[in-house]
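Let's have the full structure, built from the sequences with the hints guiding it.
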Amino acid sequence: MTQPSRFAHASEAELARILDYYQVEWQYEPRSFPILWNLDGAVVESFAPDFYLPEMDLYLELTTLRQSLVRKKNRKLRRLRELYPMVRIKLFYGKDFRALLLKYGRLDLAASLSGIEGQVGSPIAAVRTELPVPATPVSGELAVSGVQV
Amino acid sequence: MRPTDLVNDVDEVLFTREQIAQKVAELGAQLSKDYAGRALTLVSVLKGSLPFMADLMRSITVPVQIDLMEVSSYGGAVTETSGLVRILKDLSSPIEGKDVVIVEDIIDTGLTLNYLLRYLRGKNPRSITICALLDKPARRLVEIDIAYRGFEIPDRFVIGYGLDYAEFYRNLPFIGVLKPEVYSGD
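Note that the protein sequences, when read in sequence, are chains B and W.
Take the first sequence: its position 9, counted from the start at 1, is 9 in my numbering, and no numbers get skipped.
Take the second sequence: its position 137, counted from the start at 1, is 137 in my numbering, and no numbers get skipped.
Derived from the structure by calculation, the hints contain no laboratory data.
Small disclaimer: the values here were computed from a predicted structure and weren't measured.
The hints are all genuine.
Keeping only pairs whose Cα atoms sit at most 20 Å apart, straight-line, the calculated SDA-like set for lysine to any residue is:
(1) Lys90(B) <-> Pro154(W)
(2) Lys90(B) <-> Arg140(W)
(3) Lys90(B) <-> Arg156(W)
(4) Lys95(B) <-> Tyr165(W)
(5) Lys179(W) <-> Asp96(B)
(6) Lys179(W) <-> Tyr104(B)
(7) Lys47(W) <-> Tyr104(B)
(8) Lys95(B) <-> Gly75(W)
(9) Lys90(B) <-> Ala138(W)
(10) Lys179(W) <-> Gly105(B)
(11) Lys95(B) <-> Arg139(W)
(12) Lys179(W) <-> Arg106(B)
(13) Lys95(B) <-> Val177(W)
(14) Lys73(B) <-> Ala138(W)
(15) Lys90(B) <-> Pro137(W)
(16) Lys179(W) <-> Leu107(B)
(17) Lys73(B) <-> Arg139(W)
(18) Lys90(B) <-> Arg139(W)
(19) Lys95(B) <-> Val142(W)
(20) Lys95(B) <-> Asp11(W)
(21) Lys95(B) <-> Glu181(W)
In structure tokens, the structure reads:
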């Protein structure tokens with residue numbers, strides 16, 4: 001299996017490991033959807049869901065951020081659904097992710113994988129050597145897709 | 001980890017023993033009707049579905065064979081080298097040409113069942129369907145067609161009637177919600 005070189009957040013890396021474990025094929029940020037244009041027709045805002053599961057034709061967006069940032073993401077998601085009604089997307093909130101970790105008996109990881117602490121490049125994440133995350137910030141950057149089987 | 005307290009660790013009861021029995025009887029009756037004149041192979045996924053399996057099979061009126069499977073869980077795999085789901089206990093008899101019903105206690109993400117379905121379909125059963133006592137759709141990652149569904153439940157951590165937390169609470173005769181302080185206090 002090939003791992004993509006980077007994830008924007010430690011929680012994304014953990015979800016990728018879970019999907020790998022259950023042999024669910026995934027792609028990381030394979031597509032960016034334009035959701036806002038200026039008067040000249042140039043794209044001014046896009047939304048790139050974190051994961052795409054080809055077998056289910058489903059996009060997954062994982063957000064473990066604080067509420068104010070979740071609202072921004074919800075707005076983007078609403079916009080995407082308006083513009084691309086055929087696209088199936090599921091938003092995974094922080095509470096959903098914590099519940100997932102609880103299900104797998106890994107609630108102890110929740111704090112280190114949530115919110116700012118789990119963001120790649122944060123000073124807190126940087127000292128957590130047990131987390132398999134890249135050393136440089138990649139937030140907002142499209143990573144090379146790694147197709148998993 | 002704090003000591004387990006079967007009574008005081010339960011936040012609320014979602015389904016009583018009587019409500020569960022009623023629902024299991026309904027599912028058994030529906031399966032008996034749908035598979036009239038045929039035989040069924042019930043495949044229980046250990047460990048959580050054992051009580052459900054035991055009650056369901058006795059409420060079915062067509063001939064039934066049973067088998068058991070166990071699949072590794074992600075959390076238990078942190079020390080595994082493969083990092084992939086594994087069959088811990090496989091079927092004891094072939095299912096080729098048989099009508100198979102997978103008996104599950106609860107379906108939430110659908111990840112385990114998705115894997116299991118692919119695995120069992122490879123054994124060429126005549127048909128394969130799913131009977132789940134509890135469905136937690138809010139947590140679904142993988143779409144699963146549940147032909148026989150008991151209760152749809154909210155997104156809360158449930159225990160009892162086979163469902164566990166840290167392997168405890170399976171022996172509760174009802175299905176309840178675990179108090180958050182039980183797992184947050186780990």
